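What follows is each chain in one-letter form.
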Amino acid sequence: MALGGASAGSSSLEERQWRLPSLSSLQLWALVASLIAVIPLVGILVSALSGQGADIPPRDLLRYGWTSAWLALLVGVGTAVLGSVAAWLMVMYRFPGRTFFSWSLALPLAAPGFALAYAYTDLLGSAGDLRIWMRAALGFDLPFEIRSTGGAAFVLSCAFYPYVYLAMRTAFLGQSVSALEAARLLGCSQLEAFRRAALPLARPALAAGVALAVMETLADYGAVQFLAVQTLTTGVVRAWSVFGTIAGAAQLALPLLLAAAALLWVERNARTGRSHDSARVQPRPLPVSTLRGFRAAAATFFCAGLLTTALLLPFAWLIHNALDHEPDIRRLIDAAGHSLTMGIGGAVVTTALALLLALGATRAPKLARIASLGYATPGAAIAIGLLMPAAAVWQIVPMASTFWVGIGLLVYAYAARLMAAALEPIDAGLARVTPSMVWASRTLGRTEAGAAWFVQVPVARGALLTAALIVFVDILKELPATLILRPFDFDTLAVIANNYALDERLGQAGWPSVLIIVLALPPTIWLSRKIAVSRPGS
Amino acid sequence: MTVRSVTKRFGDVLAVDEVAFELHAGRITCLLGPSGCGKSTLMRIIAGLEAADEGEIEAEARLLEGAGVRVQPEQRRIGLVFQDFALFPHLTALANVTFGLKGKPAAEKRKIGMELLDRFGLADRASSWPHNLSGGEQQRVAIARALAPRPSALLLDEPFSGLDGDLRAHLRVSVLTGLRDSDAAVLIVTHDPEEAMLLGDDLLLMSEGRVIQRGTPEECYRRPRSAVAARLLGRANVLPAVVESGRAECAFGSWPVEQWPDGPATAMLRPEALRPSTNGVAAEVVAVHFGGVWYEVHLRVGEQRATMGLIDQPPAVGDVLKIDIAPQHAALLEQA
Chain V
2 MALGGASAGS
12 SSLEERQWRL
22 PSLSSLQLWA
32 LVASLIAVIP
42 LVGILVSALS
52 GQGADIPPRD
62 LLRYGWTSAW
72 LALLVGVGTA
82 VLGSVAAWLM
92 VMYRFPGRTF
102 FSWSLALPLA
112 APGFALAYAY
122 TDLLGSAGDL
132 RIWMRAALGF
142 DLPFEIRSTG
152 GAAFVLSCAF
162 YPYVYLAMRT
172 AFLGQSVSAL
182 EAARLLGCSQ
192 LEAFRRAALP
202 LARPALAAGV
212 ALAVMETLAD
222 YGAVQFLAVQ
232 TLTTGVVRAW
242 SVFGTIAGAA
252 QLALPLLLAA
262 AALLWVERNA
272 RTGRSHDSAR
282 VQPRPLPVST
292 LRGFRAAAAT
302 FFCAGLLTTA
312 LLLPFAWLIH
322 NALDHEPDIR
332 RLIDAAGHSL
342 TMGIGGAVVT
352 TALALLLALG
362 ATRAPKLARI
372 ASLGYATPGA
382 AIAIGLLMPA
392 AAVWQIVPMA
402 STFWVGIGLL
412 VYAYAARLMA
422 AALEPIDAGL
432 ARVTPSMVWA
442 SRTLGRTEAG
452 AAWFVQVPVA
462 RGALLTAALI
472 VFVDILKELP
482 ATLILRPFDF
492 DTLAVIANNY
502 ALDERLGQAG
512 WPSVLIIVLA
522 LPPTIWLSRK
532 IAVSRPGS
Chain D
-19 MTVRSVTKRF
-9 GDVLAVDEVA
1 FELHAGRITC
11 LLGPSGCGKS
21 TLMRIIAGLE
31 AADEGEIEAE
41 ARLLEGAGVR
51 VQPEQRRIGL
61 VFQDFALFPH
71 LTALANVTFG
81 LKGKPAAEKR
91 KIGMELLDRF
101 GLADRASSWP
111 HNLSGGEQQR
121 VAIARALAPR
131 PSALLLDEPF
141 SGLDGDLRAH
151 LRVSVLTGLR
161 DSDAAVLIVT
171 HDPEEAMLLG
181 DDLLLMSEGR
191 VIQRGTPEEC
201 YRRPRSAVAA
211 RLLGRANVLP
221 AVVESGRAEC
231 AFGSWPVEQW
241 PDGPATAMLR
251 PEALRPSTNG
261 VAAEVVAVHF
271 GGVWYEVHLR
281 VGEQRATMGL
291 IDQPPAVGDV
301 LKIDIAPQHA
311 ALLEQA
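For the record, the sequence lines run as chains V and D. As numbered in this note's numbering, residues 2 to 539 make up the first sequence, in order. As numbered in this note's numbering, residues -19 to 316 make up the second sequence, in order.
Keep in mind the hints are simulated off the structure, nothing from the lab. A couple of the hints might just be wrong.
Stated by the list, open to error - To give an idea of the chain D side of the interface with chain V (calculated C-beta under 8 angstroms), a few residues:
(1) Leu29
(2) Gly59
(3) Pro129
Claimed, not checked - The calculated lysine to any residue pairs, modelled on SDA-like cross-linking and capped at a C-alpha distance of 20 angstroms, are:
(4) D:Lys89 - V:Ile37
(5) D:Lys302 - D:Val261
(6) D:Lys82 - V:Leu520
(7) D:Lys82 - V:Arg204
(8) D:Lys82 - V:Trp454
(9) D:Lys82 - V:Ala450
(10) D:Lys84 - V:Thr448
(11) D:Lys302 - D:Tyr275
(12) D:Lys82 - V:Gly451
(13) D:Lys84 - V:Val458
(14) V:Lys531 - V:Ser25
(15) D:Lys302 - D:Pro244
(16) V:Lys531 - V:Leu520
(17) D:Lys84 - V:Ala271
(18) D:Lys82 - V:Lys531
(19) V:Lys367 - V:Ile37
(20) D:Lys82 - V:Trp440
(21) D:Lys82 - V:Gly175
(22) D:Lys82 - D:Asp104
(23) D:Lys89 - V:Gly451
(24) D:Lys82 - V:Gln457
(25) V:Lys367 - V:Ser25
To be verified - Cβ pair distances, simulated, as ranges:
(26) V:Trp266 - D:Ala0: 48 to 58 angstroms
(27) V:Pro459 - D:Arg211: 38 to 48 angstroms
(28) V:Lys531 - D:Asp146: 34 to 44 angstroms
(29) V:Ser402 - D:Lys82: 54 to 64 angstroms
(30) V:Pro366 - D:Gln52: 16 to 26 angstroms
(31) V:Arg197 - D:Asp146: 31 to 41 angstroms
As the structure is a computational prediction, the values presented were derived from the model and not from experiment. Glycine included, every Cβ here is placed at the ideal spot set by N, Cα and C.
Work out the full structure: start from the sequences and follow the hints.
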């Protein structure tokens, strides 16, 4: 009956002051969850500094780093422009197809970057049918090479602009209408109002969205490696797989960590910086103007073009190509089974961990930040960071089955990377539970854990599903960590697509790629429709 | 329930300062004080949601807090009704009410829940969702929910502040009956003096973390101990006075007092203490405002000002009224 950390008999004030703050069980679990994200990062540092194995020559480090930075810049600009224009059109104007595009423009998130890379290389590459035909029939060739940094920037911009689109859309919807009206009254045209009032106000959202897109760009392996662009991430995987040196891989991963930390800082600061006006002013329905004639056509054309280029065209091309080749059904089904198992299992584990973190971290917001660091770190880096601790644990406690160790490490890597992505919707869902509801359940006989289970979790049910789906889709698309950590003979769809592509069997690579998109589309459609429907403040 | 010398600090601020009182089963005690006086903090401490820095809390012969002991809120058997009602949005009204009944078979839970809802007139809303209930209905469900586990004490935090005018008056009556039937010791925290006096068998006046007076509503209203206590319960004219041979004299008249030493004192006159009379002190009418229940008449005698209330026949500004003092509405303050 006597609970609360003070031992019976210590009644004097001085003794009470020395008492350690007692951690409730929830807070303990939150601490554990956040540590999961930290261990791989520590592993990278230790591996890099241990120096056993090849030291990467600084020349290579610089070269990879420069390519990564240049690619990040190009994709940053590309996604910023595409995402912002799309969001602005969607929020401020009415035109044919607007309702459909408002949610469907987020769908490219269902397609892994490497699938787009395969499709476009086949379509637009110098050795592809289109170019061969052009050279023969028209006598000239398109002046670009898809297998270049520019090509990679194009592919990744198509893949990642939805991050900026969604962020900007939310920002524009949440903006105070008065600011825009004031700009118009002061003589700005519609376009000027956009440029001088709406855009600056939405800058924090732009920074957050672009930071996300750039994080994903730095983390990408499949597309970049196929397009023969040598970034830090491809260097990390190559150092481990070809040269067999963990230390070398870790050394290449260090700049990625730093970049990740910087981007995370940008993204978080952009969030908290978003303050003042729109929170206090009740948003009125936006003056949506209807576009007519040429303008309406241009808007529809832009959106249709974007969706086609980023998803429909590559998807169709992959299917068209795949149909020409006989699929290895056995291998495909096996891989699909593995993808689904890892996807569902990983989603459950990650969501549970994120829930624990969210529940226990109400009094310690710093814990959530630690988890976010995992999100910013590329999967390849996390996988490398896990190898050394795993080896250390193996020496102490040798386990019989390497299969389950591999699975365990893989799930761990997914959780470390994606916990923060799950945390966000869960936090939002738990915010619907007021402190007085929790207190009420305490006075009605529930412990702290009981209050969480009987009140907070049920109220946040929808958010838990959203979080699980987000993690599921991300795991389906994941490649580098899976390549590094998976047990022998355990291939996912992403892995066999990558294997086929490396063998230049792009037709065969189409089957698993299409399958990934098909599996990822239903949850992505559900998620984007859910986001498209809500308006902040309503 | 007994509360002894409970103290709570937030940094340098003394939110609760050696508060002590007792609650008795079947009686309703109202804790009245302005916002920020520490009453909500005190309530959370009693319920166990916050720890006291010093002091003891005992209920049903069991030490809940103090001397190295701190019983968790879920073990204290103290019900709490929140200002925002805090109904669980994912449960129906009935499920909300039965939430605190653990370890009972489902049929019995349902029976107890329906009985309570019926007592508060909500039997037909049992399967409604909280967002479909009106404010008054939500409040009654919240009270029923807190009463279901038969707590030894029930604390209500500003239970009527979220409701408006007519509804409040109506609900007070129905809630009161429900509370009296429950046998729990009830503590209602409020900043509304009228509510406190109408509902409470006992009153506790609180200001700046301290309990400054306790007693029945009449005692507290008629014989406040200080100007602060007087003003908590309604309008009060606080004036300097002089006591001599059993009479207190102030600018607006005099009245007999018992057992008071001669010398200077402070007088507290309620507006209803001043009444027009044929031979009394002449006071100049400085302002007249109509306030619904009565006309507020502001008077001046020399440097002293006071307010009185007249139901009809208001004077005009500038008139001279003769007034005297009704002794039952006048008092001397123990503290200045």
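Hint check:
Taken as an interface hint, Leu29 of chain D checks out: its beta carbon lies about 5 angstroms from the nearest beta carbon of chain V, inside 8 angstroms. Look at Gly59 of chain D: its Cβ gets to within about 6 angstroms of chain V, closer than 8 angstroms, so that hint holds up. Satisfaction of the interface hint for Pro129 of chain D is found here, the shortest Cβ-Cβ separation to chain V being roughly 6 angstroms, below the 8 angstroms cut-off. With a CA separation close to 42 angstroms, the supplied pair Lys89 of chain D and Ile37 of chain V exceeds the 20 angstroms bound.
Taking the CA atoms of Lys302 of chain D and Val261 of chain D, the gap is near 5 angstroms; set against the 20 angstroms cutoff, the hint holds. Restraint check: the Cα-Cα separation between Lys82 of chain D and Leu520 of chain V comes to about 43 angstroms, which exceeds 20 angstroms; the hinted pair is violated. For the suggested pair Lys82 of chain D and Arg204 of chain V, the alpha carbons sit about 51 angstroms apart, so the restraint of at most 20 angstroms is broken. Taking the CA atoms of Lys82 of chain D and Trp454 of chain V, the gap is near 14 angstroms; set against the 20 angstroms cutoff, the hint holds.
Only pairs whose Cα atoms come within 20 angstroms are accepted, and Lys82 of chain D paired with Ala450 of chain V is accepted, the gap being roughly 15 angstroms. Using a Cα cut-off of 20 angstroms, the hinted pair Lys84 of chain D and Thr448 of chain V holds, with the two alpha carbons roughly 18 angstroms apart. Between Lys302 of chain D and Tyr275 of chain D the alpha-carbon distance is near 17 angstroms, which keeps this suggested pair within the 20 angstroms criterion. Distance hint between Lys82 of chain D and Gly451 of chain V is fulfilled; the C-alpha atoms sit about 12 angstroms from each other, no more than 20 angstroms.
With a CA separation close to 23 angstroms, the supplied pair Lys84 of chain D and Val458 of chain V exceeds the 20 angstroms bound. For the proposed pair Lys531 of chain V and Ser25 of chain V, the alpha carbon gap of about 35 angstroms is over 20 angstroms, so the pair is violated. A hinted pair counts as satisfied when its Cα atoms are at most 20 angstroms apart, and Lys302 of chain D with Pro244 of chain D does not qualify at roughly 25 angstroms. Proximity of Lys531 of chain V to Leu520 of chain V is assessed by CA-CA distance (about 18 angstroms); at most 20 angstroms being required, the pair is judged to hold.
As the CA atoms of Lys84 of chain D and Ala271 of chain V are separated by approximately 51 angstroms, the hinted pair breaks the 20 angstroms bound. The suggested pairing of Lys82 of chain D with Lys531 of chain V is violated, with an alpha-carbon distance near 37 angstroms, which exceeds 20 angstroms. Using a Cα cut-off of 20 angstroms, the hinted pair Lys367 of chain V and Ile37 of chain V holds, with the two alpha carbons roughly 14 angstroms apart. About 17 angstroms separates the Cα atoms of Lys82 of chain D and Trp440 of chain V, which keeps this hinted pair within 20 angstroms; it holds.
Simply put, Lys82 of chain D and Gly175 of chain V have alpha-carbon atoms about 44 angstroms apart, too far for the 20 angstroms limit, and the pair is violated. About 24 angstroms separates the Cα atoms of Lys82 of chain D and Asp104 of chain D, which puts this hinted pair outside 20 angstroms; it is violated. Between the alpha carbons of Lys89 of chain D and Gly451 of chain V the distance comes to roughly 19 angstroms, so the proposed pair stays at or under 20 angstroms and holds. Between the alpha carbons of Lys82 of chain D and Gln457 of chain V the distance comes to roughly 18 angstroms, so the proposed pair stays at or under 20 angstroms and holds.
Pair hint Lys367 of chain V plus Ser25 of chain V holds up; C-alpha atoms about 17 angstroms apart against a cutoff of 20 angstroms. The given range of 48 to 58 angstroms is respected by Trp266 of chain V and Ala0 of chain D, whose C-beta atoms sit roughly 52 angstroms from each other. Under the hint 38 to 48 angstroms, the C-beta atoms of Pro459 of chain V and Arg211 of chain D, about 46 angstroms apart, fit the expected range. Taking 34 to 44 angstroms as the suggested C-beta distance range, the pair Lys531 of chain V and Asp146 of chain D conforms, at roughly 42 angstroms.
At roughly 42 angstroms, the beta-carbon separation of Ser402 of chain V and Lys82 of chain D lies outside the given 54 to 64 angstroms, and the hint is violated. Judged by the Cβ atoms, the range 16 to 26 angstroms given for Pro366 of chain V and Gln52 of chain D holds: they are separated by roughly 25 angstroms. One distance hint, 31 to 41 angstroms for the beta-carbon pair Arg197 of chain V and Asp146 of chain D, is violated here, with the actual separation near 52 angstroms.
In the structure shown, a violation is registered for the earlier hints numbered 4, 6, 7, 13, 14, 15, 17, 18, 21, 22, 29 and 31, in ascending order.
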